[in-house]
Every structure is written in C-alpha cells, then in structure tokens.
Amino acid sequence: AQSVTQPDIHITVSEGASLELRCNYSYGATPYLFWYVQSPGQGLQLLLKYFSGDTLVQGIKGFEAEFKRSQSSFNLRKPSVHWSDAAEYFCAVVPSPGFQKLVFGTGTRLLVSP
Amino acid sequence: GAVVSQHPSWVICKSGTSVKIECRSLDFQATTMFWYRQFPKQSLMLMATSNEGSKATYEQGVEKDKFLINHASLTLSTLTVTSAHPEDSSFYICSAPAVVYGYTFGSGTRLTVV
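Chains A and B, in that order, give the protein sequences. Heads up, the first sequence is in the working numbering, so the first residue is 1 and it goes up one at a time. Heads up, the second sequence is in the working numbering, so the first residue is 1001 and it goes up one at a time.
Because the hints were derived from the structure by calculation, they are not lab data. Where hints are given, some of them may not hold.
Unchecked claim - Residues from chain A that face chain B, not an exhaustive set, calculated with beta carbons under 7 angstroms:
#1 R22
#2 G43
#3 L44
#4 L46
#5 K49
#6 L102
#7 F104
#8 T106
#9 G107
Claimed, not checked - Within a straight-line C-alpha distance of at most 16 angstroms, the following computed EDC-like cross-link-like pairs (lysine to aspartate or glutamate) qualify:
#10 K101/A / E1059/B
#11 K1041/B / D54/A
#12 K1064/B / D1027/B
#13 K68/A / D54/A
#14 K1041/B / E88/A
#15 K1014/B / E1087/B
#16 K49/A / D8/A
#17 K1020/B / D1065/B
#18 K1066/B / D1088/B
Nothing here was measured: the structure is a model prediction, and the numbers come from that model. Just so it is clear, CB atoms sit at the ideal spot from N, CA and C, and this is done for glycine as well.
Construct the complete structure from the given sequences, taking the supplied hints into account.
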C-alpha cells in the first residue's frame, strides 16, 4: 500500500549533537515532500519542502533534508540540535503533482537531553 | 505570507451541543481547505476537503452529518461539530494549499466535550 513511513517513534539527542530523522515513502512518481514541526498544542510549521530540482533542501531553523530517489527517502537533518528543537516532526507527501491532500507519516518525537 | 487563522484555539462544550470552528486565510485566497483531526500523540487524520462553492468531500468513515463543513467564501471555511459527544473531543486543524508556501496550517482547536 502507498504510505509514508517514519520508522522512529521517539529519538533522544543530546543538545549540540547532530540529528537525522528518517522518512520513506512508497509512491511511484516523485511526490512533493514536506517536513513539518509541531510543538504541543500547536499547529504545524513548515520546515522545508521539495518539489523538484536540487535534492538537498535548506529550511528554517538550520534544518536541511535530502531527497534520494533511489531510496525513496527524504531524511531531515540538523548539524547541532538545540533544546528548543524538542517537538514532534512529521514528514508529509503529496503523491502526485498538484496540491492535493497531504499524506502524513506517523511522526517522530524528538527529545533533547542536556 | 500565506497565513491561516483558526478560531477558537480551545473550546469546552456540553454534550449534545454544537461547536463551530473557523479557518480564515488572511492574505491569500483559499479555494480548498483540508480539515484534520489529531488524537493525542498521533499523526493527523484527514477528515474532509472543502472547496469554495461546492460540497465538501469526506474521507471514508467520517460522518458527514456530524462534521458539517462549509466553505462560504475564498477566505473562510468552517467545521461544525454537531451534537458533540465526549468521543468527539480532539484537536482539529485546518490547512490550505498556497503554491509558494506549500501547505499552511491553522494553529488548531482543542475541543473538549463534557
């Protein structure tokens, strides 16, 4: 079945350490790809998006993501995590061109330890 | 740019009453609005898609008569939870596609039915 997979439910990272959150999708065509962050009780904030072109995408708050077609992945990275990065992160996909409904991954909760 | 304003942020209502949630696009025209429901520590579940001037499209398993969606103008979409019951308590979020920004989300509404 077509889906978006975030294999890690929880990740704990020490402050200042690097971070990588994984996202895989199972759609045939190259979809539109997004990463969102959600703080408790809040809406979602867009970190970055990929539509086409350069496969390394820079986003806000020092985040970047790399689209790898061969692996059907769009992993999110940050070189140095700050305590304020603790939140829920969602990968989302629009399976085909055009702005149709988003398909969300199950989310990864990031915990930052001192 | 591309801000969606969602109100109220939280609401407590008595069982059997109805509650209306509004989402307004402040600086762009939203011909489409997506409505999501989110249970604690879970991902977003798409409930329905509203389109200005036409009937909403509901996802499988979502009760149309319970969750009334109206998209009265290019800047306003509303979700009314009718005859609310405790099991309707949840976090509801709207989202609109905005070409440059991807999808923009409202800040969410925490509904508690007592």
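Tested hints:
1. At a threshold of 7 angstroms, the smallest CB-CB gap from R22/A to chain B is about 15 angstroms, leaving the interface hint violated.
2. A hinted interface residue such as G43/A counts as satisfied when its beta carbon comes closer than 7 angstroms to some beta carbon of chain B; here the least separation is about 4 angstroms, so the hint holds.
3. A cut of 7 angstroms between beta carbons decides the hint on L44/A: the least distance to chain B is about 4 angstroms, and the hint holds.
4. Below 7 angstroms, beta-carbon pairs count as interface contacts, and L46/A has one with chain B at about 6 angstroms; its hint therefore holds.
5. Interface hint at K49/A: satisfied, since its Cβ lies 5 angstroms from the closest Cβ of chain B, which is below the 7 angstroms cut-off.
6. At its closest, the beta carbon of L102/A sits 6 angstroms from a beta carbon of chain B; the interface hint therefore holds under the 7 angstroms criterion.
7. Of the supplied interface hints, the one on F104/A holds, with its beta-carbon coming within about 5 angstroms of a beta-carbon of chain B, less than 7 angstroms.
8. Look at T106/A: its Cβ gets to within about 5 angstroms of chain B, closer than 7 angstroms, so that hint holds up.
9. A least Cβ separation of about 5 angstroms between G107/A and chain B falls short of the 7 angstroms threshold, and the interface hint therefore holds.
10. Distance hint between K101/A and E1059/B is fulfilled; the C-alpha atoms sit about 11 angstroms from each other, no more than 16 angstroms.
11. A hinted pair counts as satisfied when its Cα atoms are at most 16 angstroms apart, and K1041/B with D54/A does not qualify at roughly 33 angstroms.
12. Restraint check: the Cα-Cα separation between K1064/B and D1027/B comes to about 29 angstroms, which exceeds 16 angstroms; the hinted pair is violated.
13. As the CA atoms of K68/A and D54/A are separated by approximately 11 angstroms, the hinted pair is consistent with the 16 angstroms bound.
14. Taken as a hint, the K1041/B and E88/A pair is honoured in the structure, with Cα atoms around 9 angstroms apart against an allowance of 16 angstroms.
15. A distance of roughly 12 angstroms separates the Cα atoms of K1014/B and E1087/B; the hinted pair therefore holds under the 16 angstroms criterion.
16. At most 16 angstroms may separate the alpha-carbon atoms for a hinted pair to count; K49/A and D8/A exceed this at roughly 20 angstroms.
17. For the suggested pair K1020/B and D1065/B, the alpha carbons sit about 14 angstroms apart, so the restraint of at most 16 angstroms is met.
18. This hinted pair checks out: K1066/B and D1088/B have alpha carbons roughly 10 angstroms apart, not beyond 16 angstroms.
Hints 1, 11, 12 and 16, counting from the list given before, are not met by this structure.
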